[in-house]
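*Asks:* Chain residues, written in single-letter form:
6 protein chains.
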Amino acid sequence: MIYIERRERFSAAHQLYNPNWTEEQNEAVFGKCANQNFHGHNFEMIVTVKGEVNPDTGFVMNLTDLKEIIRTNVTDKLDHKNLNLDVDFLHGKMTSTENIAIEAWKIIAPKIAEHGATLHCIRLVETENNAVEYYGE
Amino acid sequence: MIYIERRERFSAAHQLYNPNWTEEQNEAVFGKCANQNFHGHNFEMIVTVKGEVNPDTGFVMNLTDLKEIIRTNVTDKLDHKNLNLDVDFLHGKMTSTENIAIEAWKIIAPKIAEHGATLHCIRLVETENNAVEYYGE
Amino acid sequence: MIYIERRERFSAAHQLYNPNWTEEQNEAVFGKCANQNFHGHNFEMIVTVKGEVNPDTGFVMNLTDLKEIIRTNVTDKLDHKNLNLDVDFLHGKMTSTENIAIEAWKIIAPKIAEHGATLHCIRLVETENNAVEYYGE
Amino acid sequence: MIYIERRERFSAAHQLYNPNWTEEQNEAVFGKCANQNFHGHNFEMIVTVKGEVNPDTGFVMNLTDLKEIIRTNVTDKLDHKNLNLDVDFLHGKMTSTENIAIEAWKIIAPKIAEHGATLHCIRLVETENNAVEYYGE
Amino acid sequence: MIYIERRERFSAAHQLYNPNWTEEQNEAVFGKCANQNFHGHNFEMIVTVKGEVNPDTGFVMNLTDLKEIIRTNVTDKLDHKNLNLDVDFLHGKMTSTENIAIEAWKIIAPKIAEHGATLHCIRLVETENNAVEYYGE
Amino acid sequence: MIYIERRERFSAAHQLYNPNWTEEQNEAVFGKCANQNFHGHNFEMIVTVKGEVNPDTGFVMNLTDLKEIIRTNVTDKLDHKNLNLDVDFLHGKMTSTENIAIEAWKIIAPKIAEHGATLHCIRLVETENNAVEYYGE
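Residue numbers (our numbering), protein chains in the order written: chain G, 9 to 145; chain E, 9 to 145; chain F, 9 to 145; chain C, 9 to 145; chain P, 9 to 145; chain W, 9 to 145.
If we strip away everything but chain G, and leave its shape as in the complex, we get:
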């Protein structure tokens, strides 16, 4: 068993705002992230896949395939988008890094299984100081 990882990037706008709360509650919990005009980030998504090494290729899985799965299904849909307004799989959800990672997992995991490998982790980096990791449990 070995683990391979691929980093993809996307630049997006979002806001953290709970419509069931008052303005004051949103301000208290989300602070400047609650700005109704949105702010944004350069996000990095690092996808880790595990599996056995194929002796013919030396690969767990072809990174070209992994790259295509991530881009086509997730990062192309997030890049230069507004995460609150433009992304079907995030509609009605708080667009926290936690939720983005969880939703990306649901989409990517079955695609990777089709290639005989197993999704292990989705890491999402929001700033140089903040990140989340989800292992699908």
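Hint data in this document are derived by calculation from the structure and do not stem from the laboratory.
Where a beta carbon is used, it is the ideal one built from N, C-alpha and C, also for glycine.
Just so you know, not all the hints are guaranteed correct.
[As the list claims (entries may be wrong)] Listed below are several chain G residues computed to face chain F (Cβ distance under 8 Å; list not exhaustive):
hint, residue
1, Arg15
2, Glu16
3, Gly100
4, Met102
5, Asn137
6, Tyr142
[Said to hold, decoys possible] Only pairs whose alpha carbons sit at most 25 Å apart, straight line, appear in this in silico DMTMM-like list of lysine to aspartate or glutamate:
hint, chain 1, residue 1, chain 2, residue 2
7, F, Lys101, C, Glu134
8, E, Lys40, G, Glu52
9, P, Lys119, E, Glu60
10, F, Lys85, W, Glu16
11, P, Lys119, P, Asp73
12, W, Lys58, P, Glu122
13, W, Lys114, W, Asp87
14, G, Lys101, G, Glu32
15, F, Lys85, G, Glu32
16, G, Lys75, P, Asp84
17, E, Lys85, F, Glu76
18, W, Lys114, E, Glu60
19, C, Lys75, C, Glu134
20, F, Lys58, F, Glu122
21, W, Lys85, P, Asp73
22, W, Lys85, F, Glu134
23, W, Lys75, W, Glu32
24, F, Lys101, C, Asp73
25, W, Lys40, F, Glu35
For chain G, the structure is supplied; the task is to place chains E, F, C, P and W on it using the hints.
*Replies:* Chains E, F, C, P and W only, in chain G's frame:
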């Protein structure tokens, strides 16, 4: 003469869209940056100041002062903001990195002069692949 | 269950020197790190916390709270300090990265538990080539 | 139990080409990595070791020893080399990052055990977007 | 006048070997870089262009155009290639970073001039410790 | 004319404290940097040299020579040292990054001239946010 630099960061939403153009022209020139719902970035602003070393301090200028000038006058006004909607000194301008750097220069340069030093360069990094530098000429 | 992490930084002096040993033993084991006049580093402390996502916020824990816990209890006490002389929770201990991470764990873990989350890992980076991770076991 | 890690680097040429396959098969699977004249990378190898902290030193293991083990046994044999032609422990193997990490594990693990610690992970970074991790299972 | 820059990357094999010299001379001057089986690097090429800001776009030059110029004319021809064997514009030249930057300048400068901007600098990074910059003089 | 650069690193302790001033003045100007027990950093020194390319080597100057000049004369004398107490060429000076860069210039410039090249810049990075550059004027 020696050069000192300070990096500050801000996360913001913006769009590149010229209201005098058709949708098609905007799409052709700005591509996915023209998304009307905005996208965003983690920006880094690196401000370089030049001057003589003060023998009592070993400093061209106290970096604590330089940090305060950048934050109070520029990056606090850009952080977690929408550059097209929320920022007075960018109103009516294309919010390209070029223009942000130029407007920041106009604001910061006289503040640095008050400390006996000279603004040399504003570098603005938008992604790990793209940046601009402005020397005020 | 999801994992969130926050990076904080501190710049500090220290030395690695065992007072129960001879100068020669210290030199043999710690080499240039044994310099009695101290040396120093820019340290990065990355704290990882795990828990369930709160559906109202999309958060495991508010990163603003996590940042405050780390700064108030640990990194503000280490920043611009001498780890051998100035830090109460390191008195009488070798100031290796291993020991700093372990002592930070003892302080931070109960504070995070008060927020309904669980401390998972403290990672301490000393140089671009050296780091430790502690999982509290 | 605590984990320490050390990063070492090497710059090497390689190709991904299966001699049992046709040119077309190699092209289809390995793409531009199949170039018969080789290409190359700056690789980073991060070795993580786990163990108990020695109270006399504050160390799991002396990083100077760990550095020497990695350099002497692995990275000095890979640096400025052709991984397909110059490296005895890779002869006859696909020089994928997966296989390099696995072969390095076989060499390094017993050397670390001699120092009373346990090899935990070999991470091999090939580009800023691609990496593998091997835990020896 | 403002400066914009774009980073592109390529991974390539090369060797530093002067065929007019003896093996011993090559070894003495180029050391391990003279390995006849080649070694390799992940190179970064940062191209800086200067010009006036166009008020309609806020751009000196469209970064999409700059990216295409660099890729089509230079980095696509270097990526996953052997710089000594596969690259027409480097034939018969020492493949030092100095020479790669100079040859790239000759190719890129006129293409940028066609877009009304001026090539200012080509920076070529070979490792995290080594780089060159060429200003075309 | 082309510019080559080499990065070297050193980890050191220092303090910013003017002995001609009162404790209060030092605190007011240097803040936490005035800690009498010292603090420290991982410094990076990037040395840029300019010259003509030698057609036999493709080099302005052999980077192995440049590395040796920097290490032997400067960074080996600063690494794991106390800049206020252990370094002869900094005795009696404020150990600001400005002054370290200026003193390093005086030492390195003539050594580089012996190799037929010209020192262009010494860049000294103190933290990820702070740096200085000196051009010898």
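*Asks:* Next, verify each hint and record whether it holds.
*Replies:* Going through the hints against the structure:
1. Arg15: 16 Å, violated
2. Glu16: Hint violated; G:Glu16 Cβ to chain F Cβ min 19 Å, cut 8 Å.
3. Gly100: 11 Å, violated
4. Met102: For G:Met102, the interface hint holds, since the closest Cβ of chain F sits about 3 Å away, which is under 8 Å.
5. Asn137: 4 Å, holds
6. Tyr142: 5 Å, holds
7. F:Lys101 - C:Glu134: 38 Å, violated
8. E:Lys40 - G:Glu52: The given pair, whose Cα atoms are some 18 Å apart, holds under the 25 Å limit.
9. P:Lys119 - E:Glu60: 41 Å, violated
10. F:Lys85 - W:Glu16: 30 Å, violated
11. P:Lys119 - P:Asp73: Holds. P:Lys119 to P:Asp73 sits at ~10 Å (cutoff 25 Å).
12. W:Lys58 - P:Glu122: Not OK: W:Lys58 and P:Glu122 at ~30 Å, beyond 25 Å, violated.
13. W:Lys114 - W:Asp87: 19 Å, holds
14. G:Lys101 - G:Glu32: 20 Å, holds
15. F:Lys85 - G:Glu32: 33 Å, violated
16. G:Lys75 - P:Asp84: Holds, because 19 Å separates the two Cα atoms, which is no more than 25 Å.
17. E:Lys85 - F:Glu76: 23 Å, holds
18. W:Lys114 - E:Glu60: With a Cα-Cα distance of about 17 Å, the restraint between W:Lys114 and E:Glu60 holds, given a limit of 25 Å.
19. C:Lys75 - C:Glu134: OK: C:Lys75 and C:Glu134 at ~20 Å, within 25 Å.
20. F:Lys58 - F:Glu122: Measuring from Cα to Cα gives roughly 13 Å; hence the hint holds.
21. W:Lys85 - P:Asp73: Violated. W:Lys85 to P:Asp73 sits at ~47 Å, over the 25 Å cutoff.
22. W:Lys85 - F:Glu134: 20 Å, holds
23. W:Lys75 - W:Glu32: 42 Å, violated
24. F:Lys101 - C:Asp73: Cα-Cα ~22 Å, so holds.
25. W:Lys40 - F:Glu35: 31 Å, violated
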